[in-house]
Structures are given as C-alpha cells and as structure tokens.
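Each chain, written out:
Number of protein chains: 2
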Amino acid sequence: MLNPVTNAIEDQLRGLLPEACFRPLTAGYLEEPRGRYNSTEGLLLAPETTQQVSDIVALAHRESVPIIPYGGGTGLVGGQIAPSGPKPIILTLERMNRIRAVYPTENVMIAEAGVILADIQACADENDRLFALSLASEGSARIGGNLATNAGGVNVLRYGNAREQCLGLEVVLPTGEIWNGLSRLRKDNTGYDLRNLMVGAEGSLGIITAAALKLHPKPVAQGTAFFTIKDPQAALELLALANAQMGGGVSAFELVHRQGLQFLSETLPEVRQPFEQQPEWMVLLDVGLPHGLDPATALEALFEAAVEAGLSDDGVIAQSQQQRADFWALRENIPEANRRIGSVSSHDISVPISRIPEFIQRGHQKLAEIGSFRINCFGHVGDGNLHYNVFPQPGKTRADHEDQRSQIKTAVHDLVHEMEGSVSAEHGIGRLKVDDLERYSDPTKLAMLKTIKTALDPKGIMNPGVIVRSL
Amino acid sequence: MLNPVTNAIEDQLRGLLPEACFRPLTAGYLEEPRGRYNSTEGLLLAPETTQQVSDIVALAHRESVPIIPYGGGTGLVGGQIAPSGPKPIILTLERMNRIRAVYPTENVMIAEAGVILADIQACADENDRLFALSLASEGSARIGGNLATNAGGVNVLRYGNAREQCLGLEVVLPTGEIWNGLSRLRKDNTGYDLRNLMVGAEGSLGIITAAALKLHPKPVAQGTAFFTIKDPQAALELLALANAQMGGGVSAFELVHRQGLQFLSETLPEVRQPFEQQPEWMVLLDVGLPHGLDPATALEALFEAAVEAGLSDDGVIAQSQQQRADFWALRENIPEANRRIGSVSSHDISVPISRIPEFIQRGHQKLAEIGSFRINCFGHVGDGNLHYNVFPQPGKTRADHEDQRSQIKTAVHDLVHEMEGSVSAEHGIGRLKVDDLERYSDPTKLAMLKTIKTALDPKGIMNPGVIVRSL
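Going line by line, the protein sequences match chains A and B. Residue numbering for the first sequence follows my numbering, starting at 569 and increasing by one per position. Residue numbering for the second sequence follows my numbering, starting at 569 and increasing by one per position.
Calculated directly from the structure, the hints in this document are not laboratory data. Among the hints, a few may not be true.
Unchecked claim - Reference listing, derived: stretches of chain A covered by chain B, where coverage requires no fewer than 3 residues with Cβ under 8 Å from a Cβ of chain B:
{"#": "1", "segment": "657-671"}
{"#": "2", "segment": "772-785"}
{"#": "3", "segment": "814-824"}
Unchecked claim - Far from chain B by the CB rule (all over 10 Å, computed), these chain A residues:
{"#": "4", "residue": "ALA614"}
{"#": "5", "residue": "GLU844"}
{"#": "6", "residue": "PRO847"}
Just so we're clear, the structure is a prediction, and the values are computed from it rather than from any experiment. Glycine included, C-beta positions come from ideal geometry on N, C-alpha and C.
This is chain A alone, in the form it adopts within the complex (with noise of 0.2 Å):
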C-alpha cells in the first residue's frame, strides 16, 4: 500500500535537503501536451545532485511515498502525470542540467538527466560530432525522458533509438541506492544488461540521473529531397535501391501522404510545399555521405534509377542547406497541422516493414466500415513506424466522432497485433497504453515484466501505474 506525502514527511525532506529544491508545484507539472491526463496534488521536488535525489527516493521508500519523476514533460502517454492514487512526490530533474563531460576523442559525452535534447545537439556540434537523436519536442524535451521513455524520431533508420545512443547511466533505484552504470565503454560483457532495462522502463524501474551518451562523426556531407511515389509499396522498392545505392548512408526516409499536405494548405499556408501538384504519395528523404561524394548527384542518380524503375515520376532535390531546412521544416509541421485540424483518434504503430502497404490498405478498409474520416497516414516507413491519425470530414468536428473513438482504436490495434505490429512504436506505453499492452502481450511475457517490476521495486513507489498496473 502507498500513502500520501503528508506534511510529516514533508519535514523530513525539508531536513534533508536545502531550500532550493523545494519549488511552487505549477499547472505544467500537473497535465500532458494533448490534455489527457489531469493531477491535482504533488509535492514538487527539484534537487540539483545526484545524492539528492537518493536522498529522496531513499525516504519515500521508508515510507512507501509515490514518486512521479519528471523530465520535460513532451511524453505523449500520461507517464509523467498520476491522476489518481495516493498525493505523490513530483520529481523534476529540470535542475540537473549539467553537461559532465565531452571526449572527442571517444565520441562520448556525459550529461545530467535534466538537459534538453537541443543543448546536447548544440555542445555535440561545438565539437565537431553529431549526437543523433532528433525528435519533434527537441527544444523542451530532456535526455533523462528520452532515454526513460526510448524515444525514437526521425534518425531512427541510421543512427537506432535513443537506446542505442547510450553507453551507460547512472540511476538512482526504487530503494534510494545509486548504481554507477555511467560507462564510457563500447564494450562491456560484464552481467546482465541492467543499462537497456532501465532505458524504456518509463521510470518504473528508478530516476535516471546523467547518461554516457555515444556521439557520431558529422557526415561529411549532407543532402535532402521529395521524391514522389505511386504507391507505399513503392516507397518500400525505392527505399531498397536508396540503401543499395548510398551503402548505410540513408539517415531517414519518411513518408508522407496528401492528406498532411492539405492539412498544412489549410492550416498553415506559410510551409512551402515541393510540388505544384500536391502528389498522393511523396517521400522524403536525408541522406550523408563521406568525402568524395556529391549529395545532390548522388540523389540525382537515385531518381533517375527511382524514375527508370517506375517509382517516382516527379522529385526536387534540395540545392542550398536553407532549402533542406526549408524541406525538414515540411514534415515538421505535419503534427502541428494534424493538431489544428483536430484528430478523432492517433495511432502510433510499428508493423514488419515489408506489411507497410497492406497495412495502409486493410486500415482504410477498416475504418470505411466505421465511418467517414480523413486519414493522415505518414511517418518513419523506413523503420515500420508510422502514425496513423483519424480526422473528421470538413464540417464535422472531433467531438461529433467521440462515440467513435473507442472503436477506432481497436479497429487500428487489432489490425496491428495481427499483423505482427506493435501498437506502441515510439512513445512507450506510459498510462494510456497499459490496457492495451495487456491485451495484446503474450501472458508469458506479461508475467516477466510483473516479476522485474516487482524484483526491483517491491513497494511500487516509482512511478505507480507506468508499463505495469500498480501492485
């Protein structure tokens, strides 16, 4: 059983810890971007050291204390609000801000749970490196959150997850202890993998405090393009030749659908859009090569093959790096259209890569059956990630569907989980997604994941209710 943060353990950390750490608890800390989830209480906690928050933990687990650590507060999954429960201790790590350390050298940095995903960008490009996680929420997530939550974006298909951007950690654990995992090493065949663990544990499993995170060489060069395609199986064919062509250097292909484009004509006429016709399908494609090697030729190249092979039919390759940005900027501002326009019902989905077409289509078959909706479908096909969003018809608005919602989401998960798919892609499971993922694990795996939860938390203080329904 937990209990509250009551005003005599309230005492107890003011004893603990300085004055700073306690800080005014504002709305940001109590709901999520998209509105879903709502708090009412907390004790927010803000410590600047690594000791103090095992100080903190260590206290809470005497006495049985909620906590909800706190990172940026991007997640799209209600992970990091508790709606219900016991008044919980909201632990931001907002003040643990500092980069420890860059060796170059290594291509390794080590930062504190609190920086923001573009600072760390920012310090790896003063360093000549590239720190390869690129997502959305950038410049208010912070890398503590993206590695609790392994968030993905749009690098995925070169670089991997944020999972595979880290060497090591350090966590503070659900009884206060703190395991010194912060690892420069490439190599490490020393026990269990406690490091993947705790990445994606959504901060069930203990605080990430700082993280060895790997840089990567710049690529020398870097080029950018629309490509049209006829069909998504397409984009599957011209992916392959990509990759065939540019040996490993594709670092993201991305698909996108005429409906985004008309969402962003309606909702955002300011985005310049590649093509005079907006084309049912286009991808967009990043590529970096080594020295040597002219980007705009090699894409140029592509397409003529992408052309001869009757894939594409029309492309622009981008000249300048504001044009690239200009391109990026297109596919940015797709989820911003999409929230314009109101979604029905969002789906952030993954399916084997070479099911992406028969997805697509036995997906609008399904929800033809439903009801008449827009469908923006576009995303990472390079990774089997898309997201699959559902909008009301002109003239109709989200609410007119809400009877709908529910059906819609089993329609699109059901389809996923029978085709092999994961209906969390990206954005963990969090407490939106814990139904589902007990709907659709296996109850082998179910049960392993009840058994570490409880191994190494057995009060269930960190972040009750995250991946695994509280104990």
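Given the structure of chain A, go ahead and fit chain B onto it with the hints provided.
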C-alpha cells in the same frame, strides 16, 4: 538445492521426447577450447523443436535439475561446462538449425539458435545482404551462443555487438514457459527490454531457441589497408581522421603490434606480411563505401592525410579481393600464433578509447615489475577493446611462470578497473570471471544481478554458477 539428473528423471524424459533427442555424451561436450574446464558427467539432450526444449526445462524446473545450454562450444570463459555440482542436463541446440525465414525487404532473417554463424552469413549473402557479426570461430560457433554471450568480433565499430544484430528472440524461460518475442520490428516500445536482458545473460536466465536477426545492405565497395603508425596515440588520431573522411564508413580498425608479427613469422611463416621491416605498430582498417567512391582512392587520400599529420610513414592498400582476404588472414591468424607460442596469461579487456595509449604504457610498466615477458597487445582499438596477452621470453615456457599467473592477471585487471575499463569486453563472465565480477563491480550492480537472477530463475537451474554464483 539442485538435484542430479537421475535414471528416474531420464526415464521421464524418454517418455516426453523422441529417441533422436538422446545422444551419446562425447568428450567435446565436457571440455572447452583452452582446456581450462572439464566435466565428467551429464545427460546430453538434443531437442529439435522449441516445444521439446520447453518440455525438458519444465521437467528440470519441477525436479530442480541443473541445465547447461550448449551452442558451438567455442566460448572462452567456461560458460558451457559445469565442472562441479550435481549431474546436469547438457542441452545442445545443434539440431535446432533451421533458418525459418528471410525477409530481404525488411533486412531480417529468423534463425534457430543452433545455426552456425558462417551459415547465417552465407544465407544473408545469397539474399544480397550482410549479416554483420564476424569473428574467428564463425565456422563452428552457433548463433544462439553468440547472442547469449553478446559476442563482439571485428565489425563492432560500424555495426555493433551481437546485441545490435538482434531484433527479437524466442526464449524458453527457467520455468519451461516459452516467451515468443520474435519481433521483426525496428521500433517497439511496449514494456521492459526483455530481449536485451536475455542477450548477454549467458544462458543463466533462459535458453534462446530462435532469433530475428538484423541484416544490412551490402557495402557497395569495400577497401582494406595496413598503415604503420608511430604509436597507439597515432592510432586514435588516425581513427578520428578516417571517421571524418569516410562519414561512418570505417567498419574495422584493428591494432597490430610487432610482437604479433614476430609470432606469425615464428609459427606460421606462410602468412604473408605486408611490410618488409616489421613495424612496431600498425593498423588494419576496413572501409565500406557508397556507390561512386573507389575505396582504394579514398584510402590513398586518407594515407596522404595521415602522412601529412605525422601519424604514419608507410602503408599498403589492397588492390584486389584476394589481397583483402590476405590482409584479413594475417589479423585472424594472430590468435592461432598466440596459441602456438603459449601465453602465460590472456586478457580480453576494454578501456575508454582515449585512455588506450596510457593503458598500454602503464600495463607494460606493471608487467616489467613482475618479470620479463613478451607482450602481444592487439585488437579492436576502435571499440577500446584490446587483447592483452602475456608470453614467456624465448627459451622459457608457460609452466616456468605458473606461480606468476595470478599476479599478472590481478595486475592487469586492477589497472583496467582503475582506468574505468572492463575485465571482460567481449568474452563474457562465464564461470571463469565470476570472482573478477565480484571484485570489480559496484555492490549495487551485483545486488541487481542477483535480484534479477533470483526473480526469473528462483530455483537456480539455468546454467548455475554463470555470472551469478550458484544460489
């Protein structure tokens, strides 16, 4: 308490399994490559299906009988041999040797645990893809063992360890339950990372029966070269230069010391050496480049830059596939030459990459304080992973230094630990390094390893004594 596999239990097993699963226990299953571990007994079982593995483990769980999973038998830390304890079941995966499916569009292959690594490479090649794991014992090592030990090898720099080649697993848990985690997805954030927990667990948390493996596009053009370097520091600078010029195209970067070349001259004179005068240090580097770049030209440009920077004064660039193979044969024969000389002590260690030169210098000093030795220090310098092997002077033998072996090991491992390194970079812990793990790990980590082992294998039947001391 564990029980031996008795005749009564064997009778139960004969009731469960077809006759073909029972095989004579030959010597190969009772010893390991370096002759360090020997066992005298065991019931050898060779199941052909996952269900049979599950039936065996369920029975062993019920009867508290230890199980030793057996792959290709090539492990170097005694993970596959139980020299003490009650008579175990030795469960070989060799009959589970089917490649279940290949999905070239997805760059995925599903293989059973008993498939030999070289056969997986060949199958990928037939599908115009690359399976990136490559190591000296690939002709006999089996993929289940490679994953269970998170094997490394020569391509880690570009493609990662065995862990990074795996998308999903099928595992028989210590209770006999089958966890079907054979996902082909690139992105799937649905709960704790069970896959990475099993990879590197050396069979102590379950038996891997099949894996979804990641394939890669084949590099369009590959090139290989030897460059002399003036010292280990120059190797690091050359690596940075190569990374900058090749944009991520460097796939291997191996350090070779004159001692290795001399051992080759002495024991394998037929191996062709690249330089007339054996240099004190050289590197073997391998690059894979996109369409439009000639690797030999790119390597020449790199060599010129290296000379200009004062890093190298001689180099040879392979001009044919045969020459590439010859260059690699030199590197791959060094372990064999070492075996023929007979080491006093061998160490598979890693340190942060930037500290390699300091480690080599201090290691030599420490050993000089102990006695007079020949040191062959070579390996995967791009990963910070060195094989640091100590040999007697000519005229002496390994036996002459028997009393110094443990002193040497402690000196090297203490230094590695002091320098934030790992005493097991790619070979794992097995039974050989349990003492080291306990000596050098922080107690919080050790406690977590035990907690996880106890939670998932409460009776301690799975490969007892590996990683975590027998319960």
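For each hint, the structure was consulted:
With a threshold of 8 Å between beta carbons, the proposed coverage of the segment 657-671 of chain A by chain B is violated, since 1 of its residues qualify and at least three are required. With 3 residues having a Cβ less than 8 Å from any Cβ of chain B, the segment 772-785 of chain A passes the three-residue criterion, so the hint holds. Counting residues of the segment 814-824 of chain A whose CB falls under 8 Å from any CB of chain B gives 4; the rule of at least 3 is met. Against the 10 Å criterion, ALA614 of chain A stays outside the reach of chain B, whose nearest CB is about 24 Å from its own CB.
Its beta-carbon lying about 31 Å from the closest one in chain B, GLU844 of chain A satisfies the requirement of being farther than 10 Å from that chain. Distance check on PRO847 of chain A: its Cβ is at least 23 Å (rounded) from any Cβ of chain B, clearing the 10 Å threshold; non-interface status holds.
Of the numbered hints listed earlier, the single one contradicted by the structure is hint 1.
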